[in-house]
Amino acid sequence: MSNKFVIAVYVDNQFGVLTRVTSMFTRRGFNIDALTVGETESPAYSRITISLSGDGYAREQLINQMKKLFNVKKVEVLEDDSCIKRELMLIKIYNKPENRADIHFAVDAYRAKVVDYTTDGMCIEVTGDPSKIDAFVELMKPFGIIEICRTGIVALERGTTSLLAK
Amino acid sequence: MKLTGADIIARTLVEQGVTDVFGYPGGQVINIYDALYREPRLNHILTAHEQGAAHAADGYSRATGKVGVCIATSGPGATNLVTGIATAMMDSIPMVAITGNVPCSLIGKDSFQEIDITGITLPITKHNYFVNDVTKLADVIREAFRIARSGRPGPVLVDVPKDVQIASCEWEEQPIPEKFPLPLATDAQIAKAAELLNAAKRPYIYIGGGAAGLGLGSAIVELAERIDAYIGCTFMGLSAVNDDCDRFLGMQGMHGHYASSMAQKDADLILAVGVRFSDRATGKVSAYAKGTKIVQLDPDFSEINKNVQVDVGIVADVKDSFTRIAALATAQKHPEWQEAVGRLREREAQFEREQREQAGERLVPRRVFDIINARKLPATVIATDVGQHQMWTAQYVKFDRPRRFVSSGGLGTMGFGLGAAIGAQVATKDPVVLVTGDGSFGMNLNELATAVTYKIPMVIVLMNNGVLGMVRQWQTLFFGSRYSNTVLERKTDFVKLAEAFGAVGMRATTPAEFEDAFCKALAVQGPVVIDTYIGKDEFVLPMLPPGGSIEDLITKVREKGAGENEQ
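As you go down the protein sequences, you meet chains A and B in turn.
Using our numbering, you'd call the opening residue of the first sequence number 1 and step up by one each time.
Using our numbering, you'd call the opening residue of the second sequence number 1001 and step up by one each time.
This list has only true hints and no planted wrong ones.
So, partial list: chain A residues that the calculated Cβ filter (under 10 Å) puts toward chain B:
1. Ser-23
2. Met-24
3. Thr-26
4. Arg-27
5. Glu-60
6. Asn-64
7. Asn-71
Bear in mind the hints are in silico, worked out from the structure with no lab data behind them.
Think of the CB as a built atom: it goes at the ideal place given N, C-alpha and C, for glycine as much as any other residue.
Turn these sequences into a full structure, and let the hints guide you.
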């Protein structure tokens, strides 16, 4: 776990920019765990959040290579203790009468939400730190997982700073 | 004034200082070619193949530092540029490639000769553009030139669909910025570097491609003399320092000079100027420069600590950093270092004497280059293809000024030479000698037609050994002499071939014949092919086995390499 890190990147909000970033990862042999991309406070830029594992060398190289791309405006490593990380997961599991109470208890404990319910299945929405999501998946395994969809991490620094303004 | 996209391309090229372009017409660039027809300020060289155009633009740039420009049509025209663009990328050569594409309404429909060339060239360009709006076209081209020239240079591709070439909008000429200033090093960085330099007992100045065009030659020599340092270079750093300087040990690395490679190993400080520590230069990287302090000057921050960990990395204007460090360097004498390097040089001279004795009167590579060095005119550009002949050129040719070595280093592109030599001659109007081999020449000899058409004076020294010599050398050393598919022995008569293209062909099998042919060729106003016979088992020595460290240097054929299946 210790060699996992999260990078926030501001890029020009144009077509093809995501490809430029991800193709560089392939080309340089960087293996990413998750990647999210979306709009930001400025219509000119998109924000990419990348979580990946690697040593200090990989981290330095990745940032240097990313900064060389012309559509990349800002690159910043978000340190664990100074940022908020969240991920959203939808998980579909079997709804067997004998498990129903346990599932509901877990949903309450994790402050998750049941968002779809049929007599033989249910879909639960969980939000939180990735490690919380991992734990919830473990918890659901005995009940029979049908399908999982995770968004990947979004992250912001604590306080009033803005990466773009830095 | 209101102009069509095609005219905007032509006018903006002129505005950016372009005088010569290389290319090949086709369906989706007809409009651009029509604009070129009406633009007398642009001299267009029609090559035989788009790959030749890309290499010519590259050679044009290497010989002058100006941005080389090539144009190709969509689809196969564009893909034919790919090898040339990748070659430029690996050696940080500024180039702008302009391709046509099908009209925007046909994009993404697998239309005739449609190809996603920006997608294809993504990893081999510094940046690229797909322009779908004529009002953005001029600024994109301007930015393409800025990106190609600034910082660490490189190729940029601009893909322009046909409807954008036809559409029109307002265009006004803009002045071009002469220079793109790089950040300057801090005084603290310079002081730290100078401190290491002043503390060194065995200093070695290491010149790379990033220093080749900076005009630092005499400053480097002056610093070396003052601090009693020796100078070595990478393959790409050749011609940055004149060979007549007695501090210069030549190229180091896989096929570098013995004294240069060994002195680098023994140095206690390496001042690396515009080098990227490629695997061909360092050998096994974990064993490279162990315990040696390294100061690295480079414009590209991603090169610091990429392949080799350095003690001081200065990401800034290389010329400025070098000049300021040199100003703080104190005069020193290191007699022990001089003696040590003297012994290395004596050992190298011994190898040379042995080689010459063994060669006798035969036309061996060393003799070929003795004659080229003695007979070539001042300011001659030496272009090469890739293989043994290229390494012999790098080892033996004496350069008399910067930007006179035009060769594909990083990518190692066979077939590069002829196109690049044409580009270099168009750019400089100086004498050009292309050293090539029968393997490489066979790849793109179609450009002989171009050289004949444009009456480009060029001596092509075709070192003909009937085999793919470099691979054969590896097969001899590391694969038990199993010559899998490296024996060519084709029936091609290169003299007749040259004549068929309208060029002059000659043949040389002895040193006297070669000298005679070379001198005659220099007087011809057009390309001359000298089919130069050399033995098929001439080796490039010394040789650092791939993945080996400097201790594994092979200096004689009989010292066979360690293992098989090397990288």
